[in-house]
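Peer 1: Sequence:
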Amino acid sequence: MHRAAFEKLIVESFALLPERIRERVSNVAILVEDEPKDEVREKEELADNETLLGYYHGVPLVERGSDYGVGMTLPDTITLYQFPIEDEAGESSEEVRRVIAETLWHEVAHHFGMDEEEVSAREAARERRSSHNVRGSAQNAGDQ
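In our numbering, the protein residues as written are 4 to 147.
Some clues are possibly wrong.
Said to hold, decoys possible - Just the calculated beta-carbon pair ranges, DEER-fashion:
1) N52 to S123: 18 to 26 Å
2) E66 to K40: 19 to 27 Å
3) S69 to E94: 48 to 56 Å
4) D70 to G93: 41 to 49 Å
5) M4 to E66: 21 to 29 Å
6) G116 to V43: 27 to 35 Å
7) T80 to L19: 14 to 22 Å
8) S123 to E66: 19 to 27 Å
9) F115 to M4: 23 to 31 Å
10) N52 to N30: 33 to 41 Å
These aren't lab readings, by the way, just hints derived from the structure by calculation. The beta carbon of each residue, even a glycine, is placed where N, CA and C say it ideally should be.
Construct all of the structure, not just a fragment, from the sequences and the given hints.
Peer 2: Below, the structure written as structure tokens:
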């Protein structure tokens with residue numbers, strides 16, 4: 004996928020986040036790189052056969068004190084890694100869109116101060132709600 008098309012999917016995915024979430028995302032640049040750099044791989048202790056889909060780097064909102072932003076404060080970054088996302092998604096552009104949306108949600112959760120355990124628990128809850136809604140819709144359709 005061309006980089007411009009990939010970046011467009013990121014913009015669309017960000018727009019799908021609830022407004023109350025989008026409004027609170029503060030001083031964050033969303034970047035795209037092909038793959039995680041060596042420094043990130045080392046910091047995250049990735050094995051040779053492991054990769055990342057995204058990475059949050061910065062000061063989470065819950066840790067920002069009253070002095071945050073005084074002087075020159077570089078933005079936090081959320082980096083999405085195009086090649087691993089495309090590998091995860093396969094050939095379908097709809098799957099790429101889904102993986103981008105999930106990865107962006109995951110990294111925004113870190114921006115809000117959630118650690119990996121909390122993010123995983125919320126993702127599992129979202130998945131349960133989503134599968135419940137799908138089953139409920141199918142049952143309702145069968146009732147008609």
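Peer 1: Next, verify each hint and record whether it holds.
Peer 2: Hints versus structure:
Between N52 and S123 the C-beta distance comes to about 21 Å, which sits within the given range of 18 to 26 Å. One distance hint, 19 to 27 Å for the beta-carbon pair E66 and K40, holds here, with the actual separation near 24 Å. About 49 Å separates the C-beta atoms of S69 and E94, a value consistent with the hinted range of 48 to 56 Å. For D70 and G93, the Cβ-Cβ distance of about 46 Å falls inside the hinted range of 41 to 49 Å, so the restraint holds.
The supplied range of 21 to 29 Å is broken by M4 and E66, whose beta-carbon atoms lie about 35 Å from each other. In this structure the supplied range 27 to 35 Å is violated for G116 paired with V43, their Cβ-Cβ distance being about 20 Å. In this structure the supplied range 14 to 22 Å holds for T80 paired with L19, their Cβ-Cβ distance being about 21 Å. The supplied range of 19 to 27 Å is met by S123 and E66, whose beta-carbon atoms lie about 20 Å from each other.
Separation of F115 from M4 is about 29 Å and conforms to the stated range, judged on CB atoms against 23 to 31 Å. Between N52 and N30 the C-beta distance comes to about 35 Å, which sits within the given range of 33 to 41 Å.
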